[in-house]
Amino acid sequence: MNNQFYINLRSIILFGFAFLMSALIYTGQIQYYIAPQMMKFMYFATGTFFILGIIQLFRSEDSEEHCLCGHDHHETKHPFMRFFVYSLFILPLLTGFVFPEKVLDSSMAQKKGVSLSGSVKQKDRPAQQADSESSKSSTPNADEFLEDPEGYMEDLEEEVSESSNSQTADDGIYDYDEYYAELADQYKNKDKVVVTDDKYSDLLDTLSIFLDQFQGKTIEIEGFAYRETDMGNDELVVARFLMSCCSADTSVVGTMAKGTDLQRIEDDQWIKVTGTIKKTNYNDSMIPMIEVTNVERIESPDSPYVYQDIGIFN
Amino acid sequence: MIFLLFFLFLFGFLFIEEIKSSAVPLNIPSSLIDLNTIFLSIVLEAFPFLLLGVFVSAIIQSFVSEETIKRFTPKKGYIALVPATLMAALFPVCECAIIPVVRRLIKKGMPLHIGVVFLVAAPILNPVVFLSTFYAFRSDMTVVYARMGLGFILAIVIGAIIYTIFKNKDMLKIVETHTHPHHHGSEPSKWKMTMYHMSDEFFDTGKYLLFGALLASSFQAFVSREFIASIGTETWSSSLIMMGFAYLVSLCSEADAFVAVSFQSTFSTASIVAFLVYGPMLDIKNTLMLLAYFKKKFVLTLMIVITVTVFIAILLFQLLFL
Numbered sequence: 001m002n003n004q005f006y007i008n009l010r011s012i013i014l015f016g017f018a019f020l021m022s023a024l025i026y027t028g029q030i031q032y033y034i035a036p037q038m039m040k041f042m043y044f045a046t047g048t049f050f051i052l053g054i055i056q057l058f059r060s061e062d063s064e065e066h067c068l069c070g071h072d073h074h075e076t077k078h079p080f081m082r083f084f085v086y087s088l089f090i091l092p093l094l095t096g097f098v099f100p101e102k103v104l105d106s107s108m109a110q111k112k113g114v115s116l117s118g119s120v121k122q123k124d125r126p127a128q129q130a131d132s133e134s135s136k137s138s139t140p141n142a143d144e145f146l147e148d149p150e151g152y153m154e155d156l157e158e159e160v161s162e163s164s165n166s167q168t169a170d171d172g173i174y175d176y177d178e179y180y181a182e183l184a185d186q187y188k189n190k191d192k193v194v195v196t197d198d199k200y201s202d203l204l205d206t207l208s209i210f211l212d213q214f215q216g217k218t219i220e221i222e223g224f225a226y227r228e229t230d231m232g233n234d235e236l237v238v239a240r241f242l243m244s245c246c247s248a249d250t251s252v253v254g255t256m257a258k259g260t261d262l263q264r265i266e267d268d269q270w271i272k273v274t275g276t277i278k279k280t281n282y283n284d285s286m287i288p289m290i291e292v293t294n295v296e297r298i299e300s301p302d303s304p305y306v307y308q309d310i311g312i313f314n
Numbered sequence: 001m002i003f004l005l006f007f008l009f010l011f012g013f014l015f016i017e018e019i020k021s022s023a024v025p026l027n028i029p030s031s032l033i034d035l036n037t038i039f040l041s042i043v044l045e046a047f048p049f050l051l052l053g054v055f056v057s058a059i060i061q062s063f064v065s066e067e068t069i070k071r072f073t074p075k076k077g078y079i080a081l082v083p084a085t086l087m088a089a090l091f092p093v094c095e096c097a098i099i100p101v102v103r104r105l106i107k108k109g110m111p112l113h114i115g116v117v118f119l120v121a122a123p124i125l126n127p128v129v130f131l132s133t134f135y136a137f138r139s140d141m142t143v144v145y146a147r148m149g150l151g152f153i154l155a156i157v158i159g160a161i162i163y164t165i166f167k168n169k170d171m172l173k174i175v176e177t178h179t180h181p182h183h184h185g186s187e188p189s190k191w192k193m194t195m196y197h198m199s200d201e202f203f204d205t206g207k208y209l210l211f212g213a214l215l216a217s218s219f220q221a222f223v224s225r226e227f228i229a230s231i232g233t234e235t236w237s238s239s240l241i242m243m244g245f246a247y248l249v250s251l252c253s254e255a256d257a258f259v260a261v262s263f264q265s266t267f268s269t270a271s272i273v274a275f276l277v278y279g280p281m282l283d284i285k286n287t288l289m290l291l292a293y294f295k296k297k298f299v300l301t302l303m304i305v306i307t308v309t310v311f312i313a314i315l316l317f318q319l320l321f322l
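Chains as they are written, first to last, in the numbering used here: chain E, 1 to 314; chain Z, 1 to 322.
Simulated from the structure, these hints should not be mistaken for laboratory data. All of these numbers come straight from a predicted model, not from anything done at the bench. Where is the CB? At the ideal position from N, CA and C, for every residue including glycine. Wrong hints could be hidden among the right ones.
Said to hold, decoys possible - If we take Cβ atoms under 10 Å as the criterion, some of the chain Z residues that face chain E in the derived model are:
{"#": "1", "residue": "Phe11"}
{"#": "2", "residue": "Glu45"}
{"#": "3", "residue": "Tyr145"}
{"#": "4", "residue": "Met148"}
{"#": "5", "residue": "Gly149"}
{"#": "6", "residue": "Asp170"}
{"#": "7", "residue": "Leu210"}
{"#": "8", "residue": "Phe227"}
{"#": "9", "residue": "Ile304"}
{"#": "10", "residue": "Thr307"}
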């Protein structure tokens with residue numbers, strides 16, 4: 001096939017991407033792939049693809065002679081390689097148009113690992129480091145807890161009695177960020193914390209940093225049910241995928257919940273959990289746990305992901 | 001046949017919702033859908049930056065003369081490394097965008113090692129990357145300073161090593177048949193030419209990006225992190241694991257800090273810094289993109305130099321600061 005064919009094919013592929021992106025944007029399905037703060041880049045790319053597609057469409061082989069400066073000529077001429085290369089470009093177009101969107105769910109959560117103590121890095125506690133070194137295993141926290149649920153419960157009781165000590169210890173260790181402190185302040189005199197989508201990760205961060213202040217308050221939170229492999233029937237993680245730019249960089253944030261009501265909840269079910277905030281020791285770090293008073297099944301929300309609420313990309 | 005494809009896309013554009021809902025009963029395995037979601041999201045996220053990169057590259061190609069480049073790039077061997085690194089910090093682009101630009105600059109006469117400095121420094125020393133790292137690790141500033149500091153120092157070290165090995169040899173693939181394509185009599189306007197360059201370069205680089213994204217998303221969809229965490233326990237081994245992980249997942253340097261944070265409970269600070277420094281310098285997709293433009297021997301040397309220096313730097317960092 002001659003060069004003109006490939007020039008046209010390229011033009012079609014450029015149009016294809018422009019079509020795919022604008023279709024994803026107008027149907028809103030783009031939210032499954034890209035975070036809202038990246039949308040201006042998507043508009044830019046869509047527009048650019050249209051322009052390049054149009055220009056490429058009116059490009060003829062004659063003008064190639066002086067303007068291509070060899071770009072095209074070093075391209076692999078082997079028919080099979082050419083087929084492979086163009087298939088690579090057409091593949092995302094086909095799957096993009098055809099494959100149904102699906103929110104990442106607990107099977108993916110398991111691969112990514114779940115953070116139960118907010119998404120912001122907290123300083124390592126010396127004790128924790130020493131412990132993890134002596135405990136010979138480097139498996140994630142969740143595993144250690146799950147291998148020994150009984151021990152975990154005992155730890156929990158111990159921790160509760162020790163909570164006043166750990167409070168003073170914590171004060172010296174965390175660099176309280178002003179932002180979190182302010183957020184925590186807003187809830188000082190409230191009995192109920194409603195975790196909304198727009199503040200989801202911030203609130204969970206605040207919750208685990210100022211855990212003692214939040215203890216005993218009522219919490220209302222939505223998410224999908226996720227259980228670690230060995231987790232008991234009456235326990236689960238109320239989890240959300242947290243996206244910063246695109247779904248490749250999602251991580252899972254979750255809150256531990258416990259209660260007999262949870263037994264009838266199956267994995268991946270979207271739920272709204274109401275309960276009391278407790279504190280629990282989770283492999284040497286304190287994490288929030290909800291003692292569930294009420295759980296109801298809900299429809300999956302319009303926006304399946306929660307996003308890093310940041311102005312930094314603007 | 002081409003028109004068939006066009007109408008196929010047009011049809012997809014008009015009826016995307018219907019197609020997708022009718023595809024639901026097809027029972028595509030959910031792991032495949034996950035794979036597709038991640039693949040598409042990497043591709044869609046990278047496209048604007050790739051387009052930006054090829055746009056700048058095409059502009060340079062059409063409008064900036066070699067003399068201008070020569071005048072503005074420092075070229076006195078080793079001394080040039082520091083100003084070059086500072087200049088790299090001015091390019092607010094990630095690794096997808098910088099490669100076409102650097103290739104173009106080198107082609108226009110910028111010394112090789114200066115190009116390398118741009119290549120490794122720009123995706124780290126970059127205002128957006130600083131802010132995202134700062135946001136993700138704001139309660140542990142060690143990581144933020146270490147990432148920026150090591151990025152700066154390592155760019156200079158890597159540039160110096162590359163200069164020692166290659167001096168100023170031409171390491172670009174020989175692709176262009178003639179170097180002054182614009183001196184023909186009648187030709188399309190410069191802007192039209194820029195657009196042509198842009199789409200040609202988009203396809204040249206894009207295929208590697210797509211292939212890299214395919215590999216990286218398969219890795220994300222099929223390999224669990226617990227497994228990764230279970231192989232590395234010592235500082236040196238966990239740093240190597242995190243470097244390998246950064247290589248395989250191929251995240252954009254503007255977003256990788258948020259992923260690194262989720263490793264905080266399982267990995268040491270040093271290995272997280274390793275992840276954050278190594279990833280932007282090298283990963284699957286930019287290796288493939290480098291191979292598109294540079295000679296194999298050079299890409300291989302560069303990979304070894306980067307890997308070894310980053311690894312040694314992380315060990316030193318662990319020894320001195322942690």
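Outcome of the hint check:
1. Phe11: holds, 8 Å
2. Glu45: At about 4 Å, which falls below the 10 Å cut-off, the nearest Cβ of chain E leaves the hint on Z/Glu45 intact, so it holds.
3. Tyr145: violated, 14 Å
4. Met148: violated, 15 Å
5. Gly149: The hint is violated - Z/Gly149 has no Cβ within 10 Å of chain E, the shortest such distance being about 18 Å.
6. Asp170: violated, 15 Å
7. Leu210: holds, 5 Å
8. Phe227: holds, 9 Å
9. Ile304: violated, 26 Å
10. Thr307: Because about 23 Å separates Z/Thr307 from the closest Cβ in chain E, which is outside the 10 Å limit, the hint is violated.
Hints 3, 4, 5, 6, 9, 10, counting from the list given before, are not met by this structure.
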